[in-house]
Amino acid sequence: MNVENSVKNIFFEAFLNLSESDFSWNKEQKDYENWDSFAQLNLITLAEAKFDISLTLDEAIEIKSATDLLECVRSHLS
Amino acid sequence: MNIIDFLKNSANKYPEKTALIFENNSFTFDELWKSVKILSTSISSLNTNNVISLMAENSASFVISYLGIINSGKIAHLIPPEISETNMLTQISSSDSSAIICSTTVFHKISKYETIKIPIFQFNDLKKIKDNQIIDFQPNHVAYLVYTSGTTSVPKGVSVTHSMVDFTTKNIIHILKYSNSDIDVLPLPLHHSFGLGCLHTSLYIGSTLILLKNTNDLQSILDIIKKYRATTLAVIPATLTKFLKFNENELINYFSSIKLIITNSTKIPTNTVRNFKKILFNGYLATYYGLTEASRSTFMIFNKDSSYDESVGQPAPGIKIKIVNDTQKSKTGEIWIKGNNVIKKYWKNIQADENLIHGWLKTGDLGYFDDSGYLYLLGRSDDVINIGGEKVMPDEIEKIVKQIVGVENVAAFGIHHEIFGQVIKLHVIKSLNSDLDKSTILNYCIKNLEKYKIPSKIDFVTNIPQTDYGKVKRFMLK
Chain A
0 MNVENSVKNI FFEAFLNLSE SDFSWNKEQK DYENWDSFAQ LNLITLAEAK
50 FDISLTLDEA IEIKSATDLL ECVRSHLS
Chain B
0 MNIIDFLKNS ANKYPEKTAL IFENNSFTFD ELWKSVKILS TSISSLNTNN
50 VISLMAENSA SFVISYLGII NSGKIAHLIP PEISETNMLT QISSSDSSAI
100 ICSTTVFHKI SKYETIKIPI FQFNDLKKIK DNQIIDFQPN HVAYLVYTSG
150 TTSVPKGVSV THSMVDFTTK NIIHILKYSN SDIDVLPLPL HHSFGLGCLH
200 TSLYIGSTLI LLKNTNDLQS ILDIIKKYRA TTLAVIPATL TKFLKFNENE
250 LINYFSSIKL IITNSTKIPT NTVRNFKKIL FNGYLATYYG LTEASRSTFM
300 IFNKDSSYDE SVGQPAPGIK IKIVNDTQKS KTGEIWIKGN NVIKKYWKNI
350 QADENLIHGW LKTGDLGYFD DSGYLYLLGR SDDVINIGGE KVMPDEIEKI
400 VKQIVGVENV AAFGIHHEIF GQVIKLHVIK SLNSDLDKST ILNYCIKNLE
450 KYKIPSKIDF VTNIPQTDYG KVKRFMLK
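Chains A and B are the protein sequences, given in the same order. For the first sequence, the positions run 0 to 77 when numbering that gives the first Met the number 0 is used. For the second sequence, the positions run 0 to 477 when numbering that gives the first Met the number 0 is used.
Treat the hints as calculated values from the structure; they're not laboratory data. Note that CB positions come from ideal geometry on N, CA and C, so glycine has one too. Among the hints, erroneous ones may be present.
To be verified - Pairwise CB distance ranges, derived in the manner of DEER restraints:
1. B/E449 x A/W24: 46 to 52 Å
2. B/K456 x A/F11: 21 to 27 Å
3. B/K303 x A/H75: 42 to 48 Å
4. B/E84 x A/D57: 53 to 59 Å
5. A/I52 x B/M475: 25 to 31 Å
6. B/D304 x A/E61: 30 to 36 Å
As the list claims (entries may be wrong) - Taking lysine to any residue and the SDA-like style, the derived pairs with C-alpha atoms no more than 20 Å apart in a straight line are:
7. B/K446 x A/F37
8. A/K49 x B/K429
9. B/K437 x A/E32
10. B/K450 x A/N1
11. A/K49 x B/N442
12. A/K49 x B/I356
13. B/K450 x A/F14
14. B/K344 x B/W359
15. A/K63 x B/K450
16. B/K472 x B/N86
17. B/K456 x A/E32
18. A/K7 x B/D436
19. B/K321 x B/Y375
20. B/K477 x B/D458
21. B/K390 x A/Q39
22. B/K450 x A/E32
23. B/K450 x A/Q39
24. B/K390 x A/N1
25. B/K437 x A/N1
26. A/K49 x B/K277
27. B/K452 x A/A38
28. B/K390 x B/I356
29. B/K258 x B/K277
30. B/K429 x A/D51
31. A/K63 x B/F419
32. B/K437 x A/F37
33. B/K450 x A/N16
34. B/K319 x B/I356
35. A/K49 x B/K390
36. A/K7 x B/K437
37. B/K450 x A/A59
38. A/K49 x B/G405
39. B/K446 x A/Q39
40. A/K63 x B/D458
So that you can see chain B by itself, here it is in the shape it has in the complex (with noise of 0.2 Å):
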């Protein structure tokens, strides 16, 4: 199946069930499924080639036009609506697109670039179709465009295809038990692999998607599960640390419709994994591992047994991961994936291909799995620091200088060194009105960390470069 078969399929179950709700403004799945359609045969009334770049905060339109780009048989291109002009232009360059669809605010935005040479369109430019003029396409075998976030070097084109979705959210449904009965809020941007997966997993289901537009306001979303008696619900860990400031009590209150809480993109403190235990009365939290280039590669559901809070869970059925690190002596290595999830190559882009080696992907990313089978996350492989033969984890010491006092933020990275090849230098950033100082912070480490740990170098900064889900840049900060 593709994606518009999703729709069509729970268009014909469920013509008169609610399928969307984003602020006021509510669409059954006939009424998505007929915007939809209309949006498509605007879309090809336009001279364009086979993608079209959509570049949108989270809202219905943005909805029907992801799903009206597809429907019209080209590839939906999807731009953060943050992007810099610079990758703005580096994107559209690479994608070969030939349109942008966009919201009125990002038009104020770009429409002032006088760099970008294809037409602009805002969504209500193009709803001016009759239903009798409505025609039927073919979907095209790729079904969008992203460009990776880049934690470590210049982003990369990663075109996912219908039957790598329908692959994955098939077993979204069956792993994580979704049903038609549900009520998912999302207030994850749908320009992003995680988002985007879980409207894919509403259309299929024929569940009903309460679509918010972000997850900075936590109150918001707390009040919109209790409105709506919600049934699941996907964030980042960090929005569900978040989320632990508020009284245990009030949150078991607000999370008693919830079955479900989904995140991801890494692993989840195990605080939080602990505490979201006891709040989810009725329902369990979850987890998965992958990357926008191989989507929901493991899955883990936590439950009463603490052994394996720390990990992302184990391989979805018809997914291989394998650890593969130069010495038989660690169980430690590259994390490789292969399956129906993974990409066959990357858009236009001969160089990064040699991360796809027969069908296997090279994630980049390091870990081990345990003797059960389960997947432990560890970093990326690009941020190991080598200290004189010594490697060293970024996180390792990241989560330590965590625990003093008066450190908000903290990213731990390998600068060069003449005698030792690295050592580590450290940006923290300090808590408000914090007296905090290095020799602290270098006395609570020489206590905590082998003496080769121990940072070098210490800034006091305000910012660490980071990506929308919370990934510490580290290439930009060496």
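If we strip away everything but chain A, and leave its shape as in the complex, we get (with noise of 0.2 Å):
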């Protein structure tokens, strides 16, 4: 699975309510009716498992969309 699929997965994974229709890449955090402070760790994390990455607290708190978390993970993997 590529990178995109694996992150908009997290997503998925992360949200359980949300739907493919629903999902869209520069989807803003205060769209989703659940993104919360502990939605956004639950993101990082799975993230992080995923991709055996860790990242830091200042590149956690700029995560506002899919695409902030796929640019983010392909800054570490690259």
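Both chains are sitting in their own frames, so use the hints and assemble them into the complex.
Next up, the structure:
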């Protein structure tokens, strides 16, 4: 599975009610019903586990959309 | 009555009855009492102060030495034989012990330690007194001294008095209905309050005690029960759960003579309780809640009604228990205990004495009472993980993670986090040949736990530090 699909899956894993049609790469944190600070923590944890990476606190705070997470993951893998 | 009176009375009533069986040796009550008196006299010839350490695996010699030390007017300081050198030295220093009595196995281990400055005697060194030289003694106010196993901190010395033992033993016998016709199988270590309490019970009531070396060999325990038609068995919950690997009909057969299985120390998995209700055709399963500092504070006898299967029961007669918390809104809080089973103070430890307030012992355990007065345990107050103000008990996380195929064992604990204060970390032991990965664990947690309870870090490990009784030593993980 490529990085893009894996990151997308992380969103489906973290937000169990998220449907394919609801997902958008540029949809922002404020537009998600359940994206609170705990959900943010879980997104980061899932990404760290899936890609065997470790995000800094500053990086974690900056993630506000699926695109942000994808770029952050890519920066660690490159 | 003191502990020695327990033995003396039974020796008077049933001199020829078998008191103790260990491997191929057996002692009548009269023989046991004589052996104890001989050992006490031998101990009195040693130049010791009030405290003598006893360090050995389960054996008849352990029983005789324990009672012999007490009968000589000394305090028996019980040290687990597998203790580290550092902890042993700390205990010896803290207890003011003046000699060590030990088994040959322990002697070979500790005689190499140059740091031990007090004399070490093997059991066989102390048996050279003739009958006509036997002396009578007056037991000390304190019977024995043990250091708590320490799931949360540095061990503390707990000095247990004869009156505490007398009170607790009478409660055990009254509530669990032990009788002098019982044959009690005990595979628990005698250096711990649970095993020791069982020994006191058998001595008091005049039943026969079959002492085993350890709990690991399940087949041996079953064979002994069958061979002697044993009527009671004392084991920890983990052993009970392991028994369930045997065929149910086989277990029903093995346990057909058993009228009581007593267990303790932590809540028993509900599945184990339900299975043993079926297996014990002629008996019942019981548990209790207690600490070394407040032995046998509640009792729970499991019956057909499954409503209380997760409870540790109701307070024993003469014991008060209250739940203390910061808010009136919650019925959950720290368990405080008061009664004649509670220590008055720790052994020379002013800091630890702060846990004793006007006779109440602050246990550090969290729990609540239901409307029927049954007590439920939730964990240790020190173990609570505070994630941005949300309080999480590690047991809850562990219970869910253990459901995942490929997880052999797990420990959850809090680690520092800059934003949330704490987050949850897991140490997971994978089953043999399992290809379990972290994502699978996280996904399972997300589906089965609230989102603030999802672990933030997971490490796969090969060992999780635990006490002898299977409790996770979380303070060693943090």
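Against the structure, the hints:
1. Checked against the given bound of 46 to 52 Å, the beta carbons of B/E449 and A/W24, roughly 28 Å apart, lie outside it.
2. The hint said 21 to 27 Å for the Cβ distance between B/K456 and A/F11, and at roughly 22 Å that hint holds.
3. Distance hint for B/K303 and A/H75: a CB-CB separation of about 58 Å, inconsistent with the stated range 42 to 48 Å.
4. Against the hinted window of 53 to 59 Å, the Cβ-Cβ separation of B/E84 and A/D57 comes to about 46 Å, which falls outside the hint.
5. Against the hinted window of 25 to 31 Å, the Cβ-Cβ separation of A/I52 and B/M475 comes to about 28 Å, which satisfies the hint.
6. The supplied range of 30 to 36 Å is broken by B/D304 and A/E61, whose beta-carbon atoms lie about 56 Å from each other.
7. A threshold of 20 Å between alpha carbons decides the hint, and for B/K446 with A/F37 the separation of about 15 Å falls inside it, so the pair holds.
8. Pair hint A/K49 plus B/K429 holds up; C-alpha atoms about 18 Å apart against a cutoff of 20 Å.
9. Between B/K437 and A/E32 the CA atoms are separated by roughly 26 Å; this puts the pair beyond 20 Å, and the hint is violated.
10. Under the criterion of a C-alpha separation no larger than 20 Å, the hint pairing B/K450 with A/N1 is inconsistent with the structure, at around 27 Å.
11. A threshold of 20 Å between alpha carbons decides the hint, and for A/K49 with B/N442 the separation of about 11 Å falls inside it, so the pair holds.
12. At most 20 Å may separate the alpha-carbon atoms for a hinted pair to count; A/K49 and B/I356 exceed this at roughly 50 Å.
13. Only pairs whose Cα atoms come within 20 Å are accepted, and B/K450 paired with A/F14 is accepted, the gap being roughly 10 Å.
14. Between B/K344 and B/W359 the alpha-carbon distance is near 11 Å, which keeps this suggested pair within the 20 Å criterion.
15. Between A/K63 and B/K450, the direct Cα distance comes to roughly 18 Å. Compliance with the 20 Å bound is thereby established for this hinted pair.
16. For the hint linking B/K472 to B/N86, the alpha-carbon distance of about 15 Å falls within 20 Å, and the restraint holds.
17. Taken as a hint, the B/K456 and A/E32 pair is broken in the structure, with Cα atoms around 25 Å apart against an allowance of 20 Å.
18. Annotation: proposed proximity of A/K7 to B/D436 holds, straight-line Cα distance about 19 Å (limit 20 Å).
19. Between B/K321 and B/Y375 the CA atoms are separated by roughly 12 Å; this keeps the pair inside 20 Å, and the hint holds.
20. At roughly 13 Å between alpha-carbon atoms, B/K477 and B/D458 fall within 20 Å of each other, so this suggested pair holds.
21. At roughly 19 Å between alpha-carbon atoms, B/K390 and A/Q39 fall within 20 Å of each other, so this suggested pair holds.
22. For the suggested pair B/K450 and A/E32, the alpha carbons sit about 14 Å apart, so the restraint of at most 20 Å is met.
23. For the given pair, B/K450 sits about 10 Å from A/Q39 by alpha-carbon distance, which is consistent with the 20 Å threshold.
24. The hinted pair formed by B/K390 and A/N1 fails the criterion: a straight-line CA distance of about 38 Å is larger than 20 Å.
25. In summary, the hint linking B/K437 to A/N1 is supported, as the alpha carbons are separated by about 18 Å, within the 20 Å threshold.
26. Restraint check for A/K49 and B/K277: not satisfied, since their Cα atoms lie roughly 44 Å apart, outside the 20 Å limit.
27. Annotation: proposed proximity of B/K452 to A/A38 holds, straight-line Cα distance about 11 Å (limit 20 Å).
28. Proximity of B/K390 to B/I356 is assessed by CA-CA distance (about 26 Å); at most 20 Å being required, the pair is judged violated.
29. In summary, the hint linking B/K258 to B/K277 is supported, as the alpha carbons are separated by about 13 Å, within the 20 Å threshold.
30. Distance check on the hinted pair: B/K429 and A/D51 sit about 18 Å apart at the alpha-carbon level, within 20 Å; holds.
31. Between A/K63 and B/F419 the CA atoms are separated by roughly 18 Å; this keeps the pair inside 20 Å, and the hint holds.
32. A distance of roughly 18 Å separates the Cα atoms of B/K437 and A/F37; the hinted pair therefore holds under the 20 Å criterion.
33. Taken as a hint, the B/K450 and A/N16 pair is honoured in the structure, with Cα atoms around 13 Å apart against an allowance of 20 Å.
34. Simply put, B/K319 and B/I356 have alpha-carbon atoms about 14 Å apart, close enough for the 20 Å limit, and the pair holds.
35. Taking the CA atoms of A/K49 and B/K390, the gap is about 27 Å. The hint is violated against a cut of 20 Å.
36. The hinted pair formed by A/K7 and B/K437 meets the criterion: a straight-line CA distance of about 18 Å does not exceed 20 Å.
37. Under the criterion of a C-alpha separation no larger than 20 Å, the hint pairing B/K450 with A/A59 is consistent with the structure, at around 17 Å.
38. At most 20 Å may separate the alpha-carbon atoms for a hinted pair to count; A/K49 and B/G405 meet this at roughly 18 Å.
39. A hinted pair counts as satisfied when its Cα atoms are at most 20 Å apart, and B/K446 with A/Q39 qualifies at roughly 16 Å.
40. For the given pair, A/K63 sits about 27 Å from B/D458 by alpha-carbon distance, which is inconsistent with the 20 Å threshold.
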